[in-house]
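S.K.: Chains as they are written, first to last, in the working numbering: chain G, 66 to 524; chain L, 66 to 524.
Simulated from the structure, these hints should not be mistaken for lab results.
The structure displayed is predicted, hence computed values, not measured ones.
Among the hints, a few may not be true.
What the hints assert, rightly or not - Straight-line Cα separation of at most 27 Å, BS3-like style, residue types lysine-lysine; simulated pairs:
hint, chain 1, residue 1, chain 2, residue 2
1, G, K251, L, K229
2, L, K339, G, K288
3, L, K418, G, K288
4, L, K418, G, K75
5, G, K339, G, K109
6, G, K210, G, K185
7, G, K284, L, K195
8, G, K418, L, K339
9, G, K288, L, K195
10, G, K224, G, K192
11, G, K339, L, K488
12, G, K121, L, K288
13, G, K288, L, K441
14, L, K488, G, K288
15, L, K335, G, K229
Unchecked claim - A few chain G residues that face chain L, going by a derived Cβ cut-off under 8 Å, partial list only:
hint, residue
16, Y85
17, R223
18, A226
19, V271
20, F324
21, A328
22, V330
23, W346
24, P385
25, S396
26, K422
27, V436
28, V437
29, T503
As the list claims (entries may be wrong) - Residues of chain G placed beyond 12 Å of chain L at every Cβ, according to the derived structure:
hint, residue
30, L138
31, M213
32, I358
Built from N, CA and C at the ideal position, the CB exists for glycine as well.
Number of protein chains: 2
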Amino acid sequence: MKSISISTEKAVALLEAKKYSSLRIILNAMEPADIAEFMEEVPKEQHPVVFRILPKELAADVFVEMDPDQQELLISGFSDSELREVLDEMYLDDTVDIIEEMPANVIERILKNSTPDMRKVINEVLKYPKNSAGSIMTTEYVSLKEDMTVAQAFEIIRKVAIDKETIYTCYVTDAKRCLLGLISAKTLLISPLDAVIGDIMDSNFVYVSTLDDQEDVAKAIEKYDLLAIPVVDNEQRLLGIVTVDDAIDVMQNEAEEDFAVMAAVTPTEKPYLKTSPFELWKARIPWLLLLMISATFTGMIISSFEDALAVIPALTAFIPMLMDTGGNSGSQASVTVIRGISLGEIEFRDIGKVIWKELRTALFCAVTLAVVNFGKIILVDGYLLNNPAITGNLMVPLAICVTLAVTVIAAKMIGCILPILAKKLGFDPAVMASPFITTLVDAVSLLVYFQIAKILLHC
Amino acid sequence: MKSISISTEKAVALLEAKKYSSLRIILNAMEPADIAEFMEEVPKEQHPVVFRILPKELAADVFVEMDPDQQELLISGFSDSELREVLDEMYLDDTVDIIEEMPANVIERILKNSTPDMRKVINEVLKYPKNSAGSIMTTEYVSLKEDMTVAQAFEIIRKVAIDKETIYTCYVTDAKRCLLGLISAKTLLISPLDAVIGDIMDSNFVYVSTLDDQEDVAKAIEKYDLLAIPVVDNEQRLLGIVTVDDAIDVMQNEAEEDFAVMAAVTPTEKPYLKTSPFELWKARIPWLLLLMISATFTGMIISSFEDALAVIPALTAFIPMLMDTGGNSGSQASVTVIRGISLGEIEFRDIGKVIWKELRTALFCAVTLAVVNFGKIILVDGYLLNNPAITGNLMVPLAICVTLAVTVIAAKMIGCILPILAKKLGFDPAVMASPFITTLVDAVSLLVYFQIAKILLHC
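This is chain G alone, in the form it adopts within the complex (with noise of 0.2 Å):
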């Protein structure tokens, strides 16, 4: 990917040199997420010289791409006026963003530099539930009303377009501000002058509720294709938009926590090269606690056969390959049914389909497991290795490849239903992922081990 924006090694230098003119023209010419980059390789007591150098609206951009610590450096040094400026420069989806991660007193002076109305619908969504539509909505969509023309349509646009998030769709509503129907900016492009916007407009259309979560929202956005997605009440009056960029955010958080999930670390938004190790091991920690507690029950299995496995120490030799390949085996299908179920091609419903698919799967997988591994034994372990406990008694890889098959279904069976259920009982599914499953499938494959050794083996 390139850019013509310029290098940020150049704005380092001439802010060095104190050229501050020559630093203006250069940062004009560059993208707010640029200068918000920029600015992380500035100590932090120049921000605000660098802050007042862009011109209003650039600055209120920049200030919108940077992390909240910066964020909240730049307003302790901001005057009350120049607040102001940034806040009138801002969505306000983004002045509500930043406010969710200012500290009381922050908030407080951001509230009271408001205008009453802007601090009248910043409280509004402060009051959705994290994670719903209406926590990430903008009130600044463009509304229409039915029985106006083409040529007043455009007429509002031009006023208002500055301060609206979107002017590409348009929103029309009644008296009583119910959403009628939409309208794009190239429906109206396309159209006379004099054609009557309640004739043109599409009243077919996807729209979210207040308290829909935010997940669903972007679905909805990625699904349809959409630029912005309307936000309703109950009674389908029209209270915000949500626009494809914020859908894109949210779609990229759900999966960082998802990954997260998986690998058995708690969820952070912070970037990973700005979170101190107390944090990451705060996120780790209890994780790793409960996992490793859990491992006592694989513990007590194999103290309780400690006698059988003094007899035949072979044995032993295989516990690490039978767990992780059941383990493996067990995360192949819970990552497959989780991704499934966040994407919503997996439902509850469903699960008849899934057992069936993921029996027939592990049947095979488990068929070709245990022969390959029968070879490899004799052939590695018994003759290459010449390890007399093998060679002399067929019956010992006969039980490890008999446990192995075992374990590979009772792993998929695990990993696939455990997901679903979790998801039917409220639960994040991801939470089923690997790290549990493998406990799980852990103690599963040691009691199959030791109950077929003791069959096949008689210890």
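Once you have looked at the hints, place chain L on chain G.
M.R.: Chain L only, in chain G's frame:
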């Protein structure tokens, strides 16, 4: 998420009752993506019937949303003139997407029924390597000239809008098709009709080259909150654009690939419920075999220590706990680092920072786990389960806990370094995820365990 669109059940009932005119009305009010879902409930032999009910434009939109095998089936049922109609209505990037999934004979029919102009463009786009910006771009954008007025620009937009994937960003090019600037429909709408494009266009813009990776294209669209990004060749000539909806698809596919690879599954693009057990087996078995065979090493390590395990059998019981905790610690680090790399937060030059951060995190985790585990072994395994091997000799729990601490630190180091090295060497860092790291960590933890046992327990 709610939509005004009528439920598919009603449509299915109408189709069964052969009430085609009512069905047409209902389908007309539905979104293309929903109609494609409805088609999945319809028996395959009825697909052409439903398809002929739909208005031309909607039919093409529905066609784009369908699965490749359904598309193939429909094409084979189309007459040449029907195929031409659908191709006519489709955007070019969608046509290319479909062609990429079809067998040779279908591709031939598609190309035969395309206009010479279309055929030329399709062939150009097909030339670009898979996953490049060129392969996902569309050539249907609005291009303007520098010396046009806003009024002239609107005239052009009005004329060509129907056939363009987006009109919200227009591209200003010179006589040689070199890209000079962008202008948004918003800017056009708020500018006076006699303003000259060259004066109001944005000449600081972000662009990509035809050979840039599609993932970087999607990242740029996300980072800069764009609706579309221009794709240029080496001479800065504008060849196409990539729109935000395609960027979303790329991001989703890349995330799914990362999930699959991390779970040791070969990524496939098919939805889970449509993948046969044999296909699932094919995607999973190579990894299971590879990881199973590599577990031979852990077996060898245990075998070589058989005699010592026979003397102090209690040591065997803690092998699963040590291996699992090591594996979990390692995958916490690796998944976090792999995602950091995927999101562009971590690069090779950060390797020192990453190691230093993980080392401190690992120390915190190691100490916590070792202390808790020591207490747990004494209390639970020693007194509660009354294991004399532990209460009799404090060196046993000590050996276990020292091993645990060393394993956790080694696991986190392996987990954070391997993905960064993999990326540097040109491999997908996700391949270095949990299963591989688990196998490596298993071997390390066993070696450490037995070394420490030797020293502390003289066995």
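S.K.: Run every hint past the structure and note whether it holds.
M.R.: Here is what the structure says about each hint:
Simply put, K251(G) and K229(L) have alpha-carbon atoms about 10 Å apart, close enough for the 27 Å limit, and the pair holds. A distance of roughly 18 Å separates the Cα atoms of K339(L) and K288(G); the hinted pair therefore holds under the 27 Å criterion. A hinted pair counts as satisfied when its Cα atoms are at most 27 Å apart, and K418(L) with K288(G) does not qualify at roughly 40 Å. Distance check on the hinted pair: K418(L) and K75(G) sit about 25 Å apart at the alpha-carbon level, within 27 Å; holds.
Our distance criterion of 27 Å between C-alpha atoms is met by K339(G) and K109(G), whose separation comes to about 15 Å. Distance hint between K210(G) and K185(G) is fulfilled; the C-alpha atoms sit about 24 Å from each other, no more than 27 Å. At roughly 26 Å between alpha-carbon atoms, K284(G) and K195(L) fall within 27 Å of each other, so this suggested pair holds. For the hint linking K418(G) to K339(L), the alpha-carbon distance of about 11 Å falls within 27 Å, and the restraint holds.
Straight-line distance between C-alpha atoms of K288(G) and K195(L) comes to about 23 Å, which keeps the hinted pair within the 27 Å bound. Taken as a hint, the K224(G) and K192(G) pair is broken in the structure, with Cα atoms around 30 Å apart against an allowance of 27 Å. Our distance criterion of 27 Å between C-alpha atoms is met by K339(G) and K488(L), whose separation comes to about 21 Å. Between K121(G) and K288(L) the alpha-carbon distance is near 21 Å, which keeps this suggested pair within the 27 Å criterion.
Of the supplied pair hints, the one linking K288(G) and K441(L) is violated, its CA atoms being roughly 51 Å apart against a limit of 27 Å. About 32 Å separates the Cα atoms of K488(L) and K288(G), which puts this hinted pair outside 27 Å; it is violated. Distance restraint check for K335(L) and K229(G): the Cα-Cα separation of roughly 39 Å exceeds the 27 Å cut-off, and the hinted pair is therefore not satisfied. Interface hint at Y85(G): violated, since its Cβ lies 20 Å from the closest Cβ of chain L, which is beyond the 8 Å cut-off.
Of the supplied interface hints, the one on R223(G) holds, with its beta-carbon coming within about 6 Å of a beta-carbon of chain L, less than 8 Å. Contact between A226(G) and chain L, as hinted, is supported at the beta carbon level, the nearest pair being about 5 Å apart and thus within 8 Å. Nearest Cβ of chain L to the Cβ of V271(G): about 4 Å, under the 8 Å cut. The hint holds. Interface hint status for F324(G): upheld, as the beta-carbon distance to the closest one in chain L is roughly 5 Å, under 8 Å.
Annotation: A328(G) was flagged as interfacial toward chain L, and the flag holds, the nearest CB pair being 4 Å apart, inside 8 Å. Below 8 Å, beta-carbon pairs count as interface contacts, and V330(G) has one with chain L at about 5 Å; its hint therefore holds. Among the interface hints, the one on W346(G) holds; its C-beta lies about 4 Å from the nearest C-beta in chain L, closer than the 8 Å criterion. Below 8 Å, beta-carbon pairs count as interface contacts, and P385(G) has one with chain L at about 4 Å; its hint therefore holds.
For S396(G), the shortest C-beta to C-beta distance to chain L is roughly 5 Å, which falls under 8 Å, so the interface hint holds. The closest approach between the C-beta of K422(G) and any C-beta of chain L is roughly 6 Å, which is under the 8 Å cut-off, so the hint is satisfied. Taking 8 Å as the C-beta contact cut-off toward chain L, the hint placing V436(G) at the interface is violated, the least distance being around 11 Å. The interface hint given for V437(G) holds, since its Cβ lies 6 Å from the closest Cβ of chain L, which is under the 8 Å cut-off.
Checking T503(G) against chain L: minimum C-beta separation of about 6 Å stays under 8 Å; hint holds. The Cβ of L138(G) sits about 21 Å from the closest Cβ of chain L, beyond the 12 Å cut-off, so the non-interface label holds. Every Cβ of chain L is farther than 12 Å from the Cβ of M213(G); the closest lies at roughly 16 Å, confirming the non-interface assignment. Distance check on I358(G): its Cβ comes as close as 7 Å (rounded) to a Cβ of chain L, failing to clear the 12 Å threshold; non-interface status is violated.
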